[in-house]
Each structure stands twice: as C-alpha cells, then as structure tokens.
Amino acid sequence: MTDLHQLTIHEAQDMLRRGDISSVELTQSVLDRALAVDNDVRAYICLLPEEALAQAEAADRRRAAGDDTPLLGIPLAIKDVICIQGVTTTCGSRILENFVPPFDATIVARLRAAGAVFLGKTNTDEFAMGSSTEYSAFFTTGNPWDLERVPGGSSGGSAAAVVAGEALGAFGTDTGGSVRQPAAMCGVVGLKPTYGRVSRYGLVAHGSSLDQIGPLTRDVEDAAILLGSIAGHDRMDSTSLNVAVPDYVREMKTGDGLKGMRVGVPKEYFTEGIEPGVETAVRAALDLMADLGAELIEVSLPHTEYAIPIYYLIATAEASSNLARYDGVRYGLRVDAPDMWQTYYDTRQAGFGPEVKRRIMLGTYGLSAGYYDAYYLKAQQARTLLRRDFERVWEQVDVMACPTSPTTAFKIGQKVDDPLQMYLSDVFTVSLNLVGMCGISIPCGFSDGMPVGLQLMGPALGESIILRAAHAYEQATEWHKRRPNLTERMF
Amino acid sequence: MPYEPVIGMEVHVELNTASKMFCGCSAEAFGTPPNTHVCPVCLGMPGTLPVINEQAVRYTVMTGLALNCTVQEHNVFARKNYFYPDLPKGYQISQYELPLCQDGYLTIDVGDGHPTEAGQARRVRIRRVHLEEDTGKLTHVDGYSLIDFNRAGVPLMEIVSEADIRSAEEAYAYVTRLRQIVRYLGVSSGDMEKGAMRCEVNLSLRPVGSDEFGTKVEVKNLNSFRSVRNAIAYEIERQTRLLEAGKPVTQVTMGWDEAAGVTREQRSKEEAHDYRYFPEPDLPPLNLEPAWIEAVKGSLPELPDAKRDRFMANYGLSRYDADVLVEDRAVADYFERAVRVAGDTINPKLVANWVTGELFRRMNETATAITSVKIKPEDLVALIRMVKGGTINQPAAKETFGVMWETGRPPQEIVEERGLKQISDAGELAGVVAQVIADNPDPVAQFKAGKETIIRFLIGQVMKATRGKANPQLAEQLLREQLQSNE
Ligand SMILES: [Zn+2]
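Order-wise, the sequence lines are chains R and Y. Residues 57 to 547 in the working numbering are what the first sequence lists, from first letter to last. Residues 681 to 1167 in the working numbering are what the second sequence lists, from first letter to last.
Calculated from the structure, these hints are not laboratory results. One should not assume that every hint holds.
Unchecked claim - Derived coverage of chain Y by chain R (criterion: at least 3 residues anywhere in the stretch with Cβ under 8 Å from a Cβ of chain R; other residues may be distant):
1. 726 to 738
2. 768 to 782
3. 959 to 970
Said to hold, decoys possible - Here are the computed lysine to aspartate or glutamate pairs in the EDC-like style, where the Cα-Cα straight-line distance is at most 20 Å:
4. Y:Lys977 with Y:Glu777
5. Y:Lys760 with R:Asp429
6. Y:Lys817 with R:Asp395
7. R:Lys434 with Y:Asp783
8. Y:Lys1078 with Y:Glu1045
9. Y:Lys900 with Y:Glu924
10. Y:Lys900 with Y:Glu873
Unchecked claim - Chain Y is nowhere near these chain R residues, computed Cβ spacing over 12 Å in every case:
11. Phe326
12. Gly384
13. Gly426
As the structure is a computational prediction, the values presented were derived from the model and not from experiment. The beta carbon of each residue, even a glycine, is placed where N, CA and C say it ideally should be.
Isolated chain Y, as found in the complex (with noise of 0.2 Å):
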C-alpha cells in the first residue's frame, strides 16, 4: 500500500533585534564571551519584570504579514513553565491562546530543487506566528554543565505550518523560502548554523488517499537545511517500513543524528510535559491598535514574489534568471542599480546575464557575500558598455572584470592601463592581416580549396598577433577581403 507523507513544521526564528525580548541587554548572542550579555531581568532574578521589547513585536507582526496572515489587535503573553537549568524564570514568556499572527500561508515552487517554470506552486496554510524568548545554551563537558545566557531572552518568533507538506523536497523548499523573507525582512539573519533559525518537525503517514492521519511523531534537533530534507526522507523511510511490516508507528520525539544519518527516539509520549500555560501576569495584554498595524503593512519591503513578477514585466527577465536574482534582497537591489545606471543604454538581460554569470561564477568561487564585492554597480555598466559599443573584445572584457574583481577600480581605467583597447581601425590591422596571410600558406590554400572553416584558424593567428586586441569581426572581415583579392 502506498503512504502519503503528512507533515507540519515549526520554524523558530530569532530576531535580530538591537536588545532582547524583555530586557536592554544586547541580543547578540552568537560569538560572544559566555554570560556577558546578562543582566539581573534575563538571568531570572528574584524581583525581576519583563518589559516587551517593541521592536521584536513589529519584526514578528511584520513576517505575519509577508506570510498573507491576520494580525491580532488583542494580544496576550503566557507563560509555558517547565523546568530546565537554561531556564533562568523556570517558565518562558511565550503566546498561547492568542498569538500576534494567526492563518496565513506561504507559498512554495518544488522542481528540481531550484524553483522554474516547470516547478509547482503549492500552498502551505501558517497557523500562527508568535513572539516568545530564547533560552540559554547548555554546553556540556566532562561531567559538567556550563550555562551561557547570554542567548536567554532573545527575541524568538515560532511560525507554526499547518500539516499541509507532503515530501521532504517540500520541507526544504519551505525552509528556504522562510529564510529567503526573514532576510529579505530583515528581521532574522536566518543561519541555521548558528542557529539564528531551528526548525522541528511533526510527520506521519497514511494511506494514499486517506484523510485520517498516521500516529504523529517529532522530529527535533534540524540544524541545517540539508539535515530537514535528510531526516524527514529517512523518517518517511523508517515508518514505511514499520508500517509495511504490520507495526504500529509509536508517537515519540525523534533527534536527528546528522553525523550517523539516523532519527534516535529522545522522548516518548509517557513523558510528555504539562506546561500548565497562563497568562503572563507581569505583562498586560498587548492590544495593537489597527493603524499602527496599517503601518507596519505600508512599512513592507517588496517581497520576493512580487520582485521576481516585476523584474520579469519591467525587464524581459526569464523566470529563471528572475527567480536567481531575486533570491538575495541584496543581490536583487545590485542587479537593480546596474539597470538604473544603463538606463536604456543597455538591455537589462544583458545586464542580468553579467550578474549570474561572471559575477556568480566569481562569487561563488571565492564564497564572496553581495555585500562585500568591490565592483559597484555602475563599473559593471561601464564595463558591459565598452563591450557593447566596441571599445574592448570579450578576452578583453574577461581580463578587466578580473582586474575590477581583485582592486574595485573602474573599467576605463584598467583597460587604459593595461592597453587592452580592441583594434577597430582597418587600415591599422590589414597589415597584419596581410602578414598573416603570408605566413600560413597552407591554411590559406585549404581555404581557397573550400574549407571554410580554416577561417577561424586564421582569425586566431590575427589574435595572436595583436595580443588579442583585434576586433575579430574586422579581422575576420579583412582577412576574407584580402583572400578573395588574391585570387
């Protein structure tokens, strides 16, 4: 019998606000000396209040917006109480019953990996996102526990997916796509790795055409994008088995073992917690009033569909080469100002072409950020300009991109410098023309005999000779002039 995936996922992003969620510490947390972004309020001192950080409250109501949901006007913080040592309060300030966004959706394209024309759009409906705090971080070594909380009480959004993903590709295109508007938000950097960006996982099977749903179990401890697809395959894989072997699936919490490939069980129903959720009393209700939500609506950068739409209308983008420009905010706004500068000088799929190719290639190679590349935007133009209009060849264009590559010094100068000017002139290169001509009699015997395509040949030694310079259209128009006279 063939089973259906039925998954859902809960996506914890941290935000990257300036302090925490109910203190002035700083909320960098990642990279810095343990326990020195703490204060009397995040450590859980007796006596202590939380205030809510404003900031963390219009990063979370903006990704509601972006992910098409209603933000709530009245709002309430409750508090989850558990027991853990990277726990300071021995609760968290988390949302409940009423969190700031609820029933939204994202929508995914699943191809080949890499969103296409031929990919799917699917829908996955959002729940709810709300706002909570971080925990500290438990390291453990030799028989000891060190506590660094400096990450406690770090702005944290949960963005809660209804059970509405079928594959792990759908998982991962999720994942991304998430990541891809918390950055182009700017709320979150969204690194996995550094695990500005955690994601759980809940997955069960059913029977190809079934609406019931299979025993339900959890995933945890995802901490890359390639451990998501990973894991949720190998959990798909694991309860198929079981399944097709008669066993019951058990409703338990599984830990990802990236390094091994395996889910291990961490934790089974039995010993499921209580949180014994109630309203945060130290905190009032929090009631947005519809204006201030109306601005936050306006405040919204354009979002990645919308971009890639406009780009291909405004520009002749092909979807593809649209969707890869619009994947980074920040690379999308570089393609943009080239575009501005060329003005209607150059085609902007010239443009686009330069960016994911040669500038990709460059990028990629030396795993170089937008954000730090030296060529500006206008240099770019210049350069794809002087190709165009003549000035330099393509070998030419190559050398000099490397040179604005390495330095961050304009076109001119560099082609100026390194003489790399294309000989235009006729009456400069028949010359050498001329003495190409002489010196390979064979090539030009077979050419005459009818092999036409020796030409190129001779087109090279014409290269060869101006070290490159020569217009190879004008030689190759010369030479074919000269070969034909001497007949």
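Isolated chain R (complex conformation) (with noise of 0.2 Å):
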C-alpha cells in the first residue's frame, strides 16, 4: 500500500472503518513525506511525529475496542496561531517562540474527542498578517507546485502541506482570506465558515470581529466532514453562534447539485487588476456551472471598494489592541531592561516583525483620540454599508462565484516591500470577512502552470449551498485531483 498521504479524508475513514489500514500506518506515511519533502516545502513550524504516533496507536486501539468516531485515527495539520496544550505555540512571531498554551483550543479538543492525530504546527504569516507567510518569523513556505513562489497566506503553511501529501488536511484561519486565497494558491479547498459558527477560544487573535477558524482539505467532501467537527456554539466565545450544526455531507449531497442554483455573479469581482489566466479559469467554471444547470445572474456589490480601505481599518484596529498583551511580563519574550517602559520598548521592539509593527501602528493612529471618527467608526458605518449590498443580492441569489485572489502565486519577494501590492491580494476575499458571511476556494484550472481558485460565496449560515455548489462543480472536474511534483529527499 503506497501513498496513503495522498488519501482523502473520507477515502482514509473508510479503508480505517473496513481496516484496510490502521492509523499508524496512514499517520507514518504522512509523516514520512512530511520528513522527505518539508525540507524544500517548510510548510511545518513543528512536526510532532511521536505525538502524533503516540495518538495514532491511541486511535487504533479505540477503533479495535468498537469505537467509531469521525476523524479517529486522521492525521491532521493545525494553522501555529492555534492553541494545542502543551505544543509550543509560536503565532509565526519571535516574541511568543517559546509559548507553550496551557490549553486546547476549542477545536482543538473537539478534535480530539472526534478522534484526530495531530500532525504539527504549520507556518503562518507572523499573527496572521499577510497573505504569503513571508512575514513569518522564520522562513517562507514554498508554494509545492513551484517552490520559488510563495503558497499564499496567511494560512500558506497548512494550504501547502495539504496539498504536498504533508497532512490529509488541515486547519487555518481566516480573518481578510487568508484560508482561502492560500488555498486558492496551493490548488485546495479551503472554507471560512459564517463568523459565529466556529469557536474562536484558542485561536490567537488577530482581528476579533473576523477571525475564523476553517479547513483547507483535497476535495469538497472533506472540508464539510472537517467543518461539521469543528462548528458549534461553545459557551467558552460569546461570539459563536447557538445555532444547531447540520449534517453538511448529508446536507452538501442531498437535491440537484447545481441544477436550478441562482448564481450570483458580483461585476464589481470581475473589473481589473485579475490576471488573465485566472479570469480564463473562472469564466470557464461559470461556463461549466451554467452547463450543470445554474442559472447564472450579475448582480453589484456597489461598496466593494471601499472593502481594502475598512478592512485594514478595523482588522489593524483591533489587532493593535489584541497585540497588546505581548508584553513580555507573563510569557513569551522578555527583553530586560534597566526600567519598565523600557523592558516593554526593547521586548516589543525585538518581538514583532516589520508587518506587525506596521499593522500596530496604523490600528493605534485609527483609534487615538481625534482620528477615532474619521477612520475606525467610518469604517465601521461603512462595514455596515458592505453588509447591507450582500443581503441585497441574497434576496436574488443562493451563493455568488467570483475569483478568490486575482492572480495565481506570486514569486517569493515579490510584494515583500509594497505592502498595498500585497494588500490587495485579498481583494475578493476580505469582504465575507467584513459582513461575517461564509465562503469556499476550490480549485478551477491552472494559469501558468499555477492553480486558480474559485470562490463560491454563501449567505450567514449557508455553509451548506455552497458546500453543495462547490461539491456539484467539483464532481464535474478533475482540478482538484491534480499534485505537484515533489522531489522526496531524505535527510
């Protein structure tokens, strides 16, 4: 039995479930091509292979007690801004190298009781910002389909090892696209559920009132069996939702797919600044999706340009404030210095990176007394301008489809130094972010030989129309089977 790194989810559970496999098995495959391409990848912070071991043997004995939970015996990835107790968790960033949490997540334990072996730690952009995991402490993760390029971000690490054959599938966060527009990059799906849907407790914040926490995965099935483990009203975030989770694989399969499917098609999506060849990609899965039965409607998002500009208001805004606790007095890094102010100047100064500093500033100067108005209450009203143009178009539509990022991976460097070039990277995808609705990236073709995404928008709560919209398209296709080359080197 080879690869079995390249198994879906779902294929795993069920050679697991008839025992064609154990977990031990399936876990050291995995982490043997972790261990034989992550040295050009670098998709892992921290690679847990006796954990991850130990936890699958724990998973091989319960399924011979009779024990049958959902991801039992799945070796996972997890995003690094997301607590595991006892795993160092680093957020990407020197000033928490060394945190160890004291405490799961809440997904976390929820993925423990459904039986999940946790794999390691994936490379992230330094707390979240960016969208290429350049800004990570310490290094850039390569895109695996072409290893000069970055594998978009923030969650790039884990897009990347998804689609490496390093994890069956893994988790990111995605606070202005960063599940998405990596996933995109990588050629996986990657979902941001409806804010609320996920319980935040855990995941280190970067942008409250937009983080979540969502799957990347190899196909659609995948990501609703791994949303489905995750979601849920958790009384530890008052922000999540109490609102019962459905069954989404049931729900992503049941009616006509595509069949009758309104379709939204945003014109403001489609204007410029798209690369050609992801414009190709995308017009040509509407095309397909208008074959399968969809009826395809334009419909405006007049605020959408106003969506960068409120969004790096309040996300910087917030994290300026959420940041604030790294202080060096509780953990994580200390620089001592002969006064207090100054041990805080020297252990931020020493602690942050230039992106995070950046975004500290500028959150700082939207908030300070005479700016406050202007900038974050503005934006604010404006949000709440953004928010009104979706629930207009979901009196038309059932989801929308639009390109996720408009251009495919860019070299590593690139932006690096024009942080509104790279901005604008999450052009189509911080939106959802800003009016707290859910979305999904799924692969739709190849530009240059890099993959395009495609993102399929839903209402608050519709994960599952556009788990069934994104599942109909992708049963049509073959995108999403496609795997880069990767030289496998042992070390």
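Since each chain comes alone in its own frame, lean on the hints to assemble the complex.
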C-alpha cells in the first residue's frame, strides 16, 4: 500500500473502517512524506512525529475496542496560531517563540474528542498578518507547485501541507482571506465559515470581529467533514452562534447539485487587476456551472471598492489592541532593560516583525483621540453599507461566484516590500469577513502551471449551500485531483 | 474673595460575586496566596476570550436602581487600552459610551457628621454606574516588582457622580452613604481598607456665586473614609492659597499621602493617556430584557431611607434612633426580630434603647459585629420583659446582660442560677427595712428633721443588705411607711 498520504479524509475513513489500514500506517506514511519533502516545502514550524504516532496508536486501540468517532485516526495539521495544550504555539512570531499554552483551543478539544491525530503546527505570517507566509518570523513556505513562489497566506503552511501530501487535511484561520487565498494558490479547498459558526477560543486573535477557523482539504467532501467536526456553539466564546450544526456531508449531497441554483456573478469582482489566466479559468468555471444547470445572474456589490480600506482600518485597530498583551511580563519573549517602560519597548521592538509593527501603528492611529471618528467609526459605518450590499444580493441569488484572488501565487520576494500590493491580494476575500458570511475556494484550473481558485460565497450560515454548489462543480471536474511533483529527499 | 469647591467623585466598588468578571476563577482576592486564583483567561493568555458574569451585571443593575438610575437595555462593553504590568491583556474591558446605568441620584444628609433631624438633605446626581474588571496588584520589593493576578478580572463597578459635592463633609457623607447602600444590597463588602471600595476625587474651586468651573485637579490614593475627608480639606486649602496669591491652579493628578497629610503631584495633563476606547469585539452587545430589569427591581431589599421612615412610623422611634438602627442592615434586622418577638408586650422604643444602649456599648468596646453577637434577639426581649415585669431590677439586669453577652445563655437561667430575682414581697422586705432603720439612727433623725434626700441613702442600705435584690420602689415605700409610723 503506497501513497496513503495522498488519500482524502473520506477515503481514509472508509479504509480505516474496513480495516484495510491502521491509523499508525496512515500517520507514518504522512510523516514519512513530510520528512521527505518538508525541507523544500517548509510547511511546518513544528512536526510532532512521536506525539502523532502515539495518538495514532491510541486511535487504533479505540477502533479495536469498537470506537468509531468521525475523525478517529485521521492525521491533520494545525496552523500555528491555534493553541494545542503543551505544544509550542508561536504564531510565526519571535515574541511567542517559546510560548507553550496550558490549554487546548476549543476546536482542538473537539478534534481530539473526534479522534484526530495532530501532526504538527504549520507556518503562518506573523500573527496571521500577511498573504504569503513571508512575514513569518522563521521562514517562508514554498508553494509545492513552484517552490520559488509563495503558497499564499497567512495559512500558507496549512495549504502547502495539504497539497504536498504532508497532512490529510489542515486547519487555517481566515481574517481577510487567509484560508481561501492560500487554498486557491496551492490548488486545494479552503472554507471560511460564517462568523460565529466556529469557536475562536484558543485561536490567537488577529482581528476579533473577523477571525474564523476553517479547513483546508483535498476535496469539498473533506471540507464538509472537517467543518462538521469543529462547528457549533461554545460557551467560552460569546460570539459563537448558538445554532444547531447540520450534517454538512448529507446536506451537500442532497438535492440536484447546481441544477436550478441561482449563482450571482458580482460585476465588481471582474473589473480590474485580475490576471488574464485567472479570469479565463474562472469564466470557464462559470460556464461549466451554467452547463450543470445553474442560473447565472449578474449582481452588484457597489461598496466593494471600500472593502480593502474598511478592512485595514478595522483589522489593524483590533490587532493593535489584541497584540498589547505581548509585553514580556507573563510569558513569551522578554528583553530585560533597566526600567519597566524600556523593557516594554525593547521586548516589543525585538519580538515583533515589520508587518506586525506596521499594523499596530496603523491600528493605534485609527483609534486615537481625534482620529477615531474619521477612521474606525467611519469604517464600521461603511461596513454596515457593505453588509447591506450582500443582504440585497441574497434576495436574488443562492450563492455568488468569483475569483478567490486576482492572481496566482507570486514569486517569493515580489511583494514583500510593497504592502499595498500585498494587501490587494485579498481584494476578493476581505468582504466576506467584514460581513461575517461564508465562502469557499475550490480549484478551478491552472494559469502558467499555477492553480487558480474559484470562490463561492454564501449568506450567513449558508455553508450547506456553498458546499453543495462546490461539490457539484467538483464532481464535474478533475482539477482537485492534480498534485504537484515534489522530489522526495531524505535527510 | 470666598471660593466654593466643586467636587465630583468616582468610586470603584469590587463586587463580591463568586467568580470573576469574565472567567470562572474565584473572585476572592483579598488575603489569598498570590496567583492562586488565576487561569488562562484572567492571565490574558493568547487565544482566550471573556464571558460575561451575569451575577456582576445583576449586582450593578441593583446598585443603579438603588441609586435611582435609568437602567439601559442596550449595553456595550469597550476596551480601554493602556500598558501596565498589572493589566494582563494590555486593555481593560470596561464600558464607555453605553454604561449599564445612568442619570440617578443619591440623597445625603449633612449635619454634624451624623445624620440627624438637624441635618440637611442634599441630592448628589449620579452620572453613570458601569461595570468593568479590576487589575492585578503590584508590590515593589528591593528593586523588583511582584504581580499578584488574583485581583485581575474581579468585577469592578464604577459609580461616577456629577460635580454636585460642595465640601469635604459632603464627600464623606456621600461615600459612607454609598458604602451603606452596597452593603444593604449585599453586592460588596464596601471595605475601603481592603480595597473593596476606592475613591477618586475631581476638585476645582470657583468664586462663590459663579457658574463657571475652575481648573480641575484629580486626587487619587484615597484608601479610607478619613483620607477622603482629609485630602479634600487639604486640597481646598491648597487651591485657595494658590488662587488668593493670584497663582493659577494647574490641571494635574494628585496622590494623597496619608502619613504626611498632603497631596502630591502624580501626573500632569501632558502625560494624560489616550485610552483608545472601542467596542469590545469579543463580546456582543448585552441586551437586558425589560422584564429582567423589572425582576431585579422587585428583588431589591428595603433600602436605608425607606427602612428609617418605616421604623419611625411603625415603631414611633426618633429620627436619630431610626438612623442609628438602620445604618447597618444586620442591626436593623436584629432590632426588628426582637420587636417581632416582643409583640405588643414591649414598646419598640424600649427595645431600641437596649439595642442602641447596652448592646452597642458592648459591641463598640469589643469591636464585635452584630453578626457575631451571642445574644439572641428573643433572649434580649426576655430580659427586657423580666425588668418590665419587676422580676429583676436594673443592676441585676445589667449583670444578667453581661453573662448573656459572654455566653449567649438565656436570661431566665442566669437569673435563676445567680438568685438575682428581686425581693418584691413586702413581708420578706419589712424586716430588713426595720433593721436598717434601727442601725442608722442619725440618717433617720435627719430624715425626720426634713432632709428628704437622705431617703436615698437608706434605700441604698436596704439594697446592700439584700445584696441588690430588693425592689427599690418597694423598699422606698416600706421605709416611708415605717418611718412615719415610728413617729
Ligand atoms: Zn481566571
């Protein structure tokens, strides 16, 4: 039995249930693959081979005893901004380089209960602030399709791990597109749930009103499985929604797929700045959806042009406050200085990278006396207008379809010194975070050998419908089955 | 030119909820070993989130209602951003634009330090009552700073008054009144010495008759009721001296040095913080149902003013006695239990005399709280009944009370055991009286010569001869009878 590491989660579930394979075999295969390719890909900040194998053994024992929890024995990767008890959680930052949380994030606890095996923590832009993993304090992850290119970000490590065969599935976080954009750039599925659908407890905050944890997987069914395993109300997160979690896999497969589905095509998402190869692939995907019975309807989201400014005012404001706790007093890096304030300055000076500092300064400025009304408050008001745009569109359509990102994965180093260009990489994804609704990116083609992502957007708690649309599209295509060629090198 | 002080107060009150404001840790912070009541949430660990403590909201709403405030249905928590080692998250979750309670007032009496009929009732308007979390506690030793996070996250209620206070005495009356109310409501111990209540004062002076406000000075570090009064008095004097010398008052934050009896500058306006308040994104707005607010209102205990008025009306007490009895809710309850036991048999005023007299004297002497007093209200009533019915006399009653205070035993037992019953039988006492007359020829002669007051000496002799047990009225009556018949 070879290439177990390339299985989808649902395939692996079937084989484990049938007794064709054990979790130890499966986990070992994935670990071997990771050890063979991760020196090039660099998806993981930390790999946990012994812990993972111990969990796999435990899973096999549980299965032998008759247990069959949903993710029993499935090896998964976790973005390094999500706390696993006893495992260093760096957030891609020097300031938390040695931080070991004494508690599990709620999603980790739920995955544990479901029987998942944790392979390790994946690379991220520092505190999830970036679109390429280049702002990780440790290293940049390579895009498995072209190691000279970025995997997207900030959940670039998770996306790269999934497509490179280094995890069956992974979790990322999406504040402005950080699950969907790397999914698109790496050719995997990435889902951002409705705000509040998944508990944020134990997710190290970037933008509290925007952050959501979402799965990165090899196909849509896997995304449905992983979402179902983490979604649901959590009393530790007051912003989590107290709404029952449907059986996403079943709902995804119920009905007639795309037949009769009203698919909105927001005209503002097809105007400028899209790479021709991306537009071609997305247009072709729209045509296929129409062929599959969808009714394409042009719609308008008139405030789209304000999404990036709104996002960078709100996300930075929240981040500037969320990151205030990293002061060297209780945990993490401390640079000792002769007095208290100097210790603060030196610790934060040494501990944060340039992008994080930039955002702290932007956010602090936007909240300052005399600027609050013009920036933060105005942004919140504009956010309401943006939400109304979406609410009006949901009266006409079931889902919306558009590119996930205007470009395919760019070269490492190409945008790192041009933050504005980097920010525009999220131009099609930030709106959903601002309005708190859900979206999924699925592979829809290639441009110059690099994957292109199709984004399907849905209303609040519309996960089932976007999964159904994505699944119907996926069933008619082969894009999601393509894998990059990576040289396995043992070190 | 005479100046008038314009004073506003911010009072922070630690709520005595079981758990902290946003996590499940015990809110018991005072006197606990450092950093034992902490968890990832109140230590501000990455990834943790706050969850609102409903009891703290209820306590704050209760206080707001007791202070005649309007309770807001739509409430928003906000982040107050600043750096300090005792502030784990780098921001304090507080309330800014939409506090829980607004626009109330507190009536204070300003007399001779004690509320009396002569005192003048004044209304101090309450601008807002809001809820926030406390910080940790820093201790400085030998060049190091130690932090105890037990207090971090303890629910803290902030009560902000309008600048309606005009003197140190009024400020003192205001804070003592506030403490009385939070104690009545059972929402806080109100102990300033333990930091459960902390005051800050805003003070400016203006010429009497002026409507303008002078430059405001903030005074902090007021750790006792006395320091509130002393610091304000000092600051009024300091600012008056400045103004009279033609010097300007600068806008500063002063700290009160209790030992030295002076205020010292802590921070000037230039160093003022920009707290960058914004709505706390981790907590959705808190919407209170009108029915819930009504239910809280219905559950409020009787407050001191209402209780005092009722005591005066129902029990015929004087304003002074009623005020003294209602000052502490537990004392008022003690008194009322006794009155209820007494029924129609004893005038409530008599009960009040015993409580405010003998009982208070003992309590003050031994610094005993009413809750630790061993004498049960029904036993106190039994004692009063024995005096009233002539079973024991006043000295015996005092002796009995003393034993009751020490042991908590019922008075009947003590009187029996010690043989304190008074001799009210004329036959039994007549012989003693005759003996006293025989033994004291000189005083008897003086009495007969018209020195009326010498009768008291003779009564004293009868008491002495009976070891205090004689009924003094009966003794006097028998003395007079026998002295007259001797003639
Ligand atoms: Zn705690």
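Tell me if chain R covers the stretch 959 to 970 of chain Y under the three-residue, 8 Å CB rule, please? holds (count 4)
Would you mind confirming whether the straight-line C-alpha gap from Lys817 (chain Y) to Asp395 (chain R) stays at or under 20 Å? Since the Cα atoms of Lys817 (chain Y) and Asp395 (chain R) sit roughly 18 Å apart, the hinted pair holds (cutoff 20 Å).
Reported absence of Gly426 (chain R) from the contact zone with chain Y (all CB gaps over 12 Å): 9 Å, violated
Are all C-beta atoms of chain Y more than 12 Å from that of Gly384 (chain R)? At about 9 Å from chain Y, Gly384 (chain R) fails to clear the 12 Å cut-off, so the statement is violated.
Checking a non-interface call: every C-beta of chain Y should be farther than 12 Å from the C-beta of Phe326 (chain R). Is that right? Label holds. Min Cβ-Cβ 32 Å, cutoff 12 Å.
20 Å Cα cutoff - pair Lys900 (chain Y), Glu924 (chain Y): 25 Å, violated
Please count how many residues of the stretch 768 to 782 of chain Y have a CB within 8 Å of a CB from chain R and say whether that reaches 3. holds (count 4)
Given the hinted pair Lys977 (chain Y) and Glu777 (chain Y), is their alpha-carbon gap at most 20 Å? 24 Å, violated
For the stretch 726 to 738 of chain Y, do three or more residues have a beta carbon lying closer than 8 Å to a beta carbon of chain R? holds (count 7)
Decide if the proposed pair is consistent with the structure: Lys900 (chain Y) and Glu873 (chain Y), CA atoms, cutoff 20 Å inclusive. 15 Å, holds
Going straight from one Cα to the other, do Lys760 (chain Y) and Asp429 (chain R) come out at no more than 20 Å? Holds: Lys760 (chain Y) and Asp429 (chain R) sit about 16 Å apart, inside 20 Å.
Between the alpha carbons of Lys434 (chain R) and Asp783 (chain Y), is the straight-line distance 20 Å or under? Violated, at roughly 29 Å.
In this structure, the hints that do not hold are numbers 4, 7, 9, 12 and 13, in rising order.
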